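Colleague: Just so we're on the same page, my numbering is the position in the sequence shown counted from 1, plus 237.
Note that these hints are calculated values from the structure, not bench results. Given the structure is predicted, the values throughout are model-derived calculations rather than measurements. One should not assume that every hint holds.
Quick list of in silico lysine-lysine cross-link-like pairs, DSBU-like style, CA-CA up to 35 Å [what the hints assert, rightly or not]:
| # | residue 1 | residue 2 |
| --- | --- | --- |
| 1 | K263 | K240 |
| 2 | K240 | K301 |
| 3 | K263 | K371 |
| 4 | K301 | K279 |
| 5 | K252 | K312 |
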Amino acid sequence: MGKDFTRVPGVTEIKPNWWLVDADGKTLGRMATRIATILMGKHRPSYSPERNCGDFVVVINAEKIVLTGKKTTQKTYDLMARGGKHKGSTWPHGLHIVPFEKMQRRFPDRIVRLAVKRMLRNTKRNRVAFTKLKVYAGANHPHAAQAPRALAF
């Protein structure tokens with residue numbers, strides 16, 4: 238009797254797909270979980286935790302994202318200052334608490350990026366996978382040459 242084994246495709250054999258997500262009217266958390274799953278490659282049958290087999294995701298209309306309940310008025314983002322003496326501390330000018338509404342007006346792409354990034358584990362593989370996420374506030378994106386397929390929710 239021969240030995241049974243499962244052939245796992247190599248990294249060079251796995252071709253990444255490009256997905257397009259229209260965030261218009263989508264709930265932030267539910268959309269971010271689906272995107273994180275695709276970035277890690279867990280949607281593929283050949284998923285292996287030690288390989289980077291995720292796909293590219295392009296998110297458009299990030300400014301039209303929706304939150305449930307009272308989160309639009311109550312949600313805040315704790316952001317650390319980038320430079321200066323007290324960078325990354327709770328000293329004055331070290332921690333910035335930004336309400337969701339202000340963040341959505343000024344940096345709508347960062348909302349989606351933070352939601353997806355916080356759903357990924359802090360490992361080297363997931364940092365590489367996170368670079369495959371492309372977020373744009375409006376409907377235009379420069380990745381038309383890759384012909385991304387629309388992702389259904």
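Colleague: If a hint holds in the structure, say so; if it doesn't, say that too.
Modeller: Here is how each hint holds up against the structure:
With a C-alpha separation of about 48 Å, the suggested pairing of K263 with K240 is violated against the 35 Å cut-off. In summary, the hint linking K240 to K301 is not supported, as the alpha carbons are separated by about 54 Å, beyond the 35 Å threshold. Our distance criterion of 35 Å between C-alpha atoms is met by K263 and K371, whose separation comes to about 17 Å. Restraint check for K301 and K279: the C-alpha separation of about 27 Å stays at or below 35 Å, so the hint holds.
For the hint linking K252 to K312, the alpha-carbon distance of about 38 Å lies beyond 35 Å, and the restraint is violated.
In summary, the structure is inconsistent with hints 1, 2 and 5 from the numbered list given earlier, while agreeing with the others.
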